[in-house]
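Following the hints, put chains B and C in place on chain A, whose structure we already have.
Residue numbers (our numbering), protein chains in the order written: chain A, 1 to 326; chain B, 1 to 294; chain C, 1 to 263.
Hints are computed from structural coordinates only; laboratory data are not their basis. Check before you lean on any hint, since a few could be wrong.
Listed next, the in silico BS3-like pairs over lysine-lysine satisfying Cα-Cα at most 27 Å (straight line) [as the list claims (entries may be wrong)]:
hint: 1; chain 1: C; residue 1: LYS83; chain 2: A; residue 2: LYS26
hint: 2; chain 1: C; residue 1: LYS83; chain 2: A; residue 2: LYS30
hint: 3; chain 1: A; residue 1: LYS26; chain 2: B; residue 2: LYS25
hint: 4; chain 1: C; residue 1: LYS17; chain 2: C; residue 2: LYS121
hint: 5; chain 1: C; residue 1: LYS243; chain 2: C; residue 2: LYS35
hint: 6; chain 1: C; residue 1: LYS146; chain 2: B; residue 2: LYS181
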Amino acid sequence: MAAENREEGILNHKETLAAPPTTVDKTFDKCFRTLTLVFTWATVLLLAFIVFRIGGQALPALKEHGLSLLFSSDWDANNNRFGFWPQIWGTLYSSFLALVLGGFFGITIAIFLTQDFLPHKLEVILKNIVELLAAIPSVVYGLWGIYVLIPILQPVADKLHSSFGWFPLFSTSFSGFGMFSAALVLSIMILPTIAAISQDALRAVPYKTKEAAFGMGATRWEAILRVILPTASGGISGALVLGLGRALGETMALAMLVGNSATVSLSIFSPATTLAALLALNFPEADLNQTGVLMYAACTLLLITLVVNMLGTLIISATSMKGDER
Amino acid sequence: MNETKNDLLQLPNLERQPFEPRALKSILLSSITVICAILACVPLFSVLVMLIYRGGSRINFELFTDLPPIAFQPVGGGISNAIIGTLFMVGIAALITVPFGVLAAIYLAELGPHSKIAAVARFSAKTMSGLPSIIAGVFAYAIMVITMGGYSAWAGGVALAILMLPTILLTAEETIKMVPKRMKEAAFGMGCTPSQSMTKVILPVALPGIITGVVLAVARAAGETAPLLFTAIFSEYALEPNDPTASLAVLIYNYSNSTSENQLELAWAASLVLVVLVFILNMVSRWIGSRTRN
Amino acid sequence: MNTLLQDDVILDCRAEKIFYSDFLAVRDSHVPIRKNQITGFIGPSGCGKSTVLRSINRMNDLIRGFKFFGTVQFHSMDIYDKKVDPVAVRRNIGMVFQQPNPFAMSIYENVAFGLRLNRFKGNMDEQVEKALRDGALWDEVKDKLKKSGLSLSGGQQQRLCIARAIATGPQVLLMDEPCSALDPIATRQIEELMLKLKERFTVCIVTHNMQQAQRVADQTAFFSVDISMGGRTGYLVEMAATKELFSNPQEQLTKEYLHGEFS
Chain A
1 MAAENREEGI
11 LNHKETLAAP
21 PTTVDKTFDK
31 CFRTLTLVFT
41 WATVLLLAFI
51 VFRIGGQALP
61 ALKEHGLSLL
71 FSSDWDANNN
81 RFGFWPQIWG
91 TLYSSFLALV
101 LGGFFGITIA
111 IFLTQDFLPH
121 KLEVILKNIV
131 ELLAAIPSVV
141 YGLWGIYVLI
151 PILQPVADKL
161 HSSFGWFPLF
171 STSFSGFGMF
181 SAALVLSIMI
191 LPTIAAISQD
201 ALRAVPYKTK
211 EAAFGMGATR
221 WEAILRVILP
231 TASGGISGAL
241 VLGLGRALGE
251 TMALAMLVGN
261 SATVSLSIFS
271 PATTLAALLA
281 LNFPEADLNQ
291 TGVLMYAACT
301 LLLITLVVNM
311 LGTLIISATS
321 MKGDER
Chain B
1 MNETKNDLLQ
11 LPNLERQPFE
21 PRALKSILLS
31 SITVICAILA
41 CVPLFSVLVM
51 LIYRGGSRIN
61 FELFTDLPPI
71 AFQPVGGGIS
81 NAIIGTLFMV
91 GIAALITVPF
101 GVLAAIYLAE
111 LGPHSKIAAV
121 ARFSAKTMSG
131 LPSIIAGVFA
141 YAIMVITMGG
151 YSAWAGGVAL
161 AILMLPTILL
171 TAEETIKMVP
181 KRMKEAAFGM
191 GCTPSQSMTK
201 VILPVALPGI
211 ITGVVLAVAR
221 AAGETAPLLF
231 TAIFSEYALE
241 PNDPTASLAV
251 LIYNYSNSTS
261 ENQLELAWAA
271 SLVLVVLVFI
281 LNMVSRWIGS
291 RTRN
Chain C
1 MNTLLQDDVI
11 LDCRAEKIFY
21 SDFLAVRDSH
31 VPIRKNQITG
41 FIGPSGCGKS
51 TVLRSINRMN
61 DLIRGFKFFG
71 TVQFHSMDIY
81 DKKVDPVAVR
91 RNIGMVFQQP
101 NPFAMSIYEN
111 VAFGLRLNRF
121 KGNMDEQVEK
131 ALRDGALWDE
141 VKDKLKKSGL
151 SLSGGQQQRL
161 CIARAIATGP
171 QVLLMDEPCS
181 ALDPIATRQI
191 EELMLKLKER
201 FTVCIVTHNM
211 QQAQRVADQT
221 AFFSVDISMG
231 GRTGYLVEMA
241 ATKELFSNPQ
251 EQLTKEYLHG
261 EFS
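Chain A on its own, in the form it takes in the complex:
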């Protein structure tokens, strides 16, 4: 300590207990700060690595088959003919259906929780229940879906099919595993996400806006539908887009319920398949050739989810920067 004292001598008066930072202090500081920068870089490199690794392995397949894989429905491994249009369709359609249902319920619940419908204690309980819905693992939803939901849905589906079979959405018969069950479970899974973000958006509506609506003599619902929802529409759009992103990324519940049949149909009772299910089922036994194609499929899935998630994040940050005054 004496050496360091002399170094900074002038700054050390003999009556003071103050001492300049020791070499240990300074070295630790440098190392610590460098380490934080290292891991910051590592985060970026990790994402880049993921994208490049998967993309890289997909490249040979891309070169060989071009974009045809995106539109073809053949899957004949032995003859080197692949196509995952049914999977793309299944991914998009299931997510869309889930979004419609999950979005409706999610936004409704968000309204219910933020517009003073319930006493505070009940609000907290409902909020917790909705949040716990999100905590249940995907695979458990799959199990529940198989043994609880499908038996319940079967009679409903049969009735709809027999009475309204002419309607494209009900045009095929339901064997239990299909779009209907999968999309329903998926909507339950994304409901909490949509509800949570929509709640934030609704709470961010400035009090003076609500005051203005009520001051004009609007009923509660007129205020909600004509003033509050439109004001929060930006954030709610973000919620929907992020909910869609979550739906697109879901794997297990879908793989267990969707039927895994490479069919493309508008009927919600038809079995179908998704990109994630394709990977889940085929990857373990894939040979080198197939692996490239599967990586190609993974890339497609990655791209779709990345774009949707980025869009959702952008919408939310753009809309939360505006009207946030109180």
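Chains B and C in isolation, oriented as in the chain A frame:
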């Protein structure tokens, strides 16, 4: 002049009119909303009830100590290796991601919040949080299984780490940012180096929030199946980190379609154990969160 | 730079230009701080008094875009010299802030913080007690040293912050409006404390309260705002012994301020 007098005497009708169309519409919409709220709660209770009903009967000591039944053994067997496997792989993932995420979060929140690399890292973390879990599995397969020459618990741990990192990093960043600026000022005023201010003053205050993030990430990782499907796969034997490893999630998946009643029962029991575990972790994180607010 | 300082000047602050990015916050302010005296900075809001104060212990380094042109001579060394470690500077010059900011630790640990930081190897309990006594807080907390520093009242917290700052015996103690968040009684206690502290320390205090400066400061520096160049730039108008400044101000601006014509 008479008209004005009459106008003034004509009071607006201020009485409640419950059957007026606007009021009826309001009641209708409110009813729909309440029904929706109730419907949304149904799945949760349905799942819990089913788990207890179908899996509860299997909860006994053997469940936690025995290995899974061999082939289609009609009775007996437990999920001990699955529980240990899940804990082990989640543990590895946590060991990797907690230092990684917290250190990066320190840079993002304190040391270089406005730098370009921080912005890019933040964006990367947000993007990765939306990554489909199966992609994490595919990636972990590409780097771990191929290099190590086989499936292992390590590969499973890495796959889970990719899923946990964004949550831990972003939560830690938020928490550190929320430490009152005046504490940081006080630390600097006393002559702390930036890292001393961080380790002696800021991190201790931010710790509960960071732990909350970790617990939530752990809860999510414990329930993940897809990333483990081709990294750790499954095993019917006790834990061998360098070999395929069992996990609760994959066990449930594998046995969900089984024709063996025994295995199906185990799937339900394992689901119950898993959901209880996840719920407890969620409660813990909430409890920590509410303690810090005091 | 080895300027000979006047005998009793322990710190000579010559701020020629202080910028926050492109904004010129302070110009041409020479403030000599005299040993074992209380120097007060007064002036209307936005006149740069806090900026100058914080420049003395290089606290402004934390602000992006901060640039200091000038010198701060401390024992014949320029604090802004490239070779000087600002961390070492802050260990020798303590600071107390407007909002009391004890750490989220026990009272004992708050006071011991600086001692541990400077790797004090002696009797910690003794030093902590000494600092708390010097900070006029010992009697009130001696039975609850393990309680959190944040559990104290505002005035007590501020005295804790003072005790924390003086525990390591810094030569200069900077105080940035230390009483503005406190009630009159707590304010009075801290003012009395300051008068005792100057026996061992040199104190420099920024205050928006003229009467406070009259009560405690030996020397007073009056700052004002210069709007002639388009922006609001602070500068030192006049500095003198407090009695002199208040009874016989030389500058017109000083006269106006002291008579309450602007704030």
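Here's how the hints hold up against the structure:
no. : hint                   : in the structure
1   : LYS83/C with LYS26/A   : holds (15 Å)
2   : LYS83/C with LYS30/A   : holds (17 Å)
3   : LYS26/A with LYS25/B   : violated (70 Å)
4   : LYS17/C with LYS121/C  : violated (41 Å)
5   : LYS243/C with LYS35/C  : holds (18 Å)
6   : LYS146/C with LYS181/B : holds (24 Å)
Figure legend: structure checked against the earlier numbered hints; hints not met, in rising order: 3, 4.
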